[in-house]
Amino acid sequence: MMKSRVLLPLLTLFATGWCALASAADAPEVIRFGVATVGKGGTPFAAGSVTGLAHQRKAVEEELKADNIRVDWVFFKGAGPAVNEALANKQLDFAWQGDLPAVIAKAGGLNTKLITADSLLTSVYLVVPADSPAKTLEDLKGKKVAQFKGTNLQLATARTLKAEGLSERDFRTVNMEFSTMSSALASKDIDGAWMPAQAFDLQAAGVARIIYDTRAKSPKFTRQGHVLVDAAFEQKYPAVVQKVVDALVKTAAWATTPGNEEAALALWANAGVRIESLRAEQEGQSFIRRYSPRIDEFFIDRYRATVTESRELGLLRGDVEVKDWVEPKYVNNALERLGFKNLWPEYDANNQPKKAL
Amino acid sequence: MSNLPLISWRPLSLRADISRFSAPSLLWVGSKASALVFPALLLVLWQVAVNRHWVSAQILPPPSLVLESLLQLWHSGDLWRELSISLERVLIGFVLGSAAGLLLGIGMGLSRTLEAYVLPSFQAISQVPVLGWIPLLMMLVGIDESLKYLVIAKAVMVPITLNALAGIRNIPKGYLEVAQVYQLGLAQRLRRVILPAALPSLFTGVRFALTKGWIALVTVELLASSEGIGYLMVDGRQMFQLDLVIVGMLVIGVVGLLLDQGLAWVEMRLQRWQRPAF
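Chains R and F, in that order, are what the protein sequence lines are. Be aware that the first sequence starts at 1, since it is given in my numbering, and climbs by one per residue. Be aware that the second sequence starts at 1, since it is given in my numbering, and climbs by one per residue.
Honestly, the hints are just simulated from the structure, not real lab data. Don't be surprised by glycine CBs; every beta carbon is placed ideally from N, CA and C. Incorrect hints may have been included.
[Stated by the list, open to error] Chain R regions said to be covered by chain F (calculated; three or more residues, Cβ under 8 Å):
| # | stretch |
| --- | --- |
| 1 | 79-86 |
| 2 | 99-107 |
| 3 | 164-176 |
[Unchecked claim] Partial list, computed: chain R residues near chain F (C-beta under 10 Å):
| # | residue |
| --- | --- |
| 4 | 151 |
| 5 | 282 |
| 6 | 322 |
| 7 | 325 |
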């Protein structure tokens with residue numbers, strides 16, 4: 001008796017679910033967009049990416065309005081690794097993420113496609129408590145240094161350390177996410193931390209001091225971001241993917257239009273990072289360059305380096321063929337059709353613009 | 001934890017089995033084998049789930065990969081290194097927590113006044129789970145070893161205190177009256193009457209406490225650590241190697257079981273004097 005009482009509703013549930021799936025083949029009712037970051041205090045905002053702007057400006061919603069497709073945004077405090085888990089569970093269709101976690105997931109067998117670049121040449125900052133005597137990397141040898149493992153900061157950090165003749169093992173590395181780092185620096189529980197733009201917030205608050213900026217050393221010590229799509233989704237709904245990419249490209253174009261920079265920074269500041277910090281992070285970099293959506297030689301070369309370097313560091317099992325992983329047709333199409341081809345020239349592996357033909 | 005009643009009755013029934021049956025070995029083997037049925041079924045279900053792709057292979061790696069990672073960790077010595085760090089933490093936290101728990105429990109057991117003053121607050125404090133203490137403790141003592149010791153000690157202390165108190169309260173009145181007739185002093189009363197009589201309850205507390213301490217360790221290592229078996233799991237998760245997470249779960253389960261069974265064995269030995277009574 002008991003059995004049928006449980007089984008029947010379960011079967012019904014299954015059957016209705018199946019029908020719902022089958023009937024939705026032409027267009028999804030909703031797309032689920034994951035973002036590998038979260039605002040201060042867990043607020044659903046993302047700083048530093050075109051995706052974060054598109055979210056606040058409702059650009060993707062606008063693009064999909066005619067098709068009656070809703071957009072569910074999901075922000076992950078667990079950053080890239082948490083996005084991977086959600087992708088593996090088929091809970092996301094699109095995601096903004098950093099290079100290392102995506103490479104790890106791809107090598108682990110997650111079938112995704114990289115469809116646009118989103119936030120390039122991002123630095124990592126090493127911060128120490130404000131009254132720490134440490135001035136260089138060497139000074140922190142053997143000390144407790146925090147890192148958010150599995151995020152794209154980890155690899156950028158490892159690259160830098162290697163170039164400086166050091167490795168993660170020279171420090172007592174503690175794994176924690178960024179908000180924990182901030183309080184741990186304030187309470188001096190850690191002697192240093194590798195952080196994103198929030199580092200400037202801590203510096204301004206007098207809590208911490210930045211002693212190292214990886215980008216200042218070399219563009220190769222930076223981390224890259226992208227938007228990816230679940231490969232099965234891409235196969236099924238290429239038209240929807242194109243519209244999402246259109247929305248992202250339009251947003252990037254808006255942000256990089258002279259005069260809009262401040263507006264973009266102000267939107268990002270909603271994530272709880274001071275606008276001054278966000279501005280400081282952009283210093284010495286052109287907005288247009290950093291927010292180029294193009295999947296060009298530079299992008300492919302950086303992701304290839306991510307694969308080889310993380311393999312060398314033992315962070316990766318298996319291999320990833322970046323050439324087969326990227327799908328630049330959507331972004332190329334959007335740039336062509338929307339007339340932004342010259343706004344974002346292609347860059348070569350050495351981060352030099354290629355001559356327009 | 002639902003295994004509290006289980007802990008308290010199992011040794012008793014086992015003892016009854018041994019004394020009643022002249023050839024208990026067959027029964028014993030049978031009961032041990034039947035304990036393996038459920039894990040075996042689980043393993044089959046796991047393999048089927050992997051084969052049929054019920055869950056993506058990234059989330060639920062096949063048993064073979066988990067075994068491979070386990071062996072790799074074993075051979076590289078990493079597993080033992082992390083485990084020994086974790087065990088050391090549990091040991092220190094356990095010693096601290098049980099010492100405090102025994103003192104408090106026996107103190108309250110002997111003095112109704114102390115009980116009246118302390119027990120209500122103690123019970124209120126013990127309602128806050130380990131996870132709830134961590135944020136505050138992190139601010140107070142940092143994320144170093146002392147945090148782990150304190151968290152484990154707190155988890156350990158609660159069941160030991162309560163069981164020590166209950167053990168003393170439940171001593172048959174007759175025992176204490178005899179002690180009074182013989183005019184035993186406090187030290188003698190403790191050694192000859194109170195502790196032996198409260199021992200079964202105390203041991204229940206100790207075994208339960210060790211389980212609690214082990215769980216608390218894993219909790220605190222998952223949150224704030226750079227080494228240990230809990231950290232191994234965090235690392236596996238961050239690096240999207242869920243096989244490492246499952247290895248960690250298996251190791252935690254097996255080690256916890258071994259700790260508990262070890263204590264059960266000690267308990268049986270210590271309480272031999274009671275056997276003729278049954």
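Now the hints, each set against the structure:
1. 79-86: Satisfied; 3 residues make the cut.
2. 99-107: It holds, with 3 qualifying residues against the three required.
3. 164-176: With 5 residues close enough to chain F, the hint holds.
4. 151: 8 Å, holds
5. 282: This hint is violated: residue 282 (chain R) lies away from chain F, its Cβ roughly 28 Å from the closest one there, beyond 10 Å.
6. 322: 18 Å, violated
7. 325: Status violated, d = 16 Å.
When held up to the earlier numbered hints, the structure conflicts with 5, 6 and 7 and fits the remainder.
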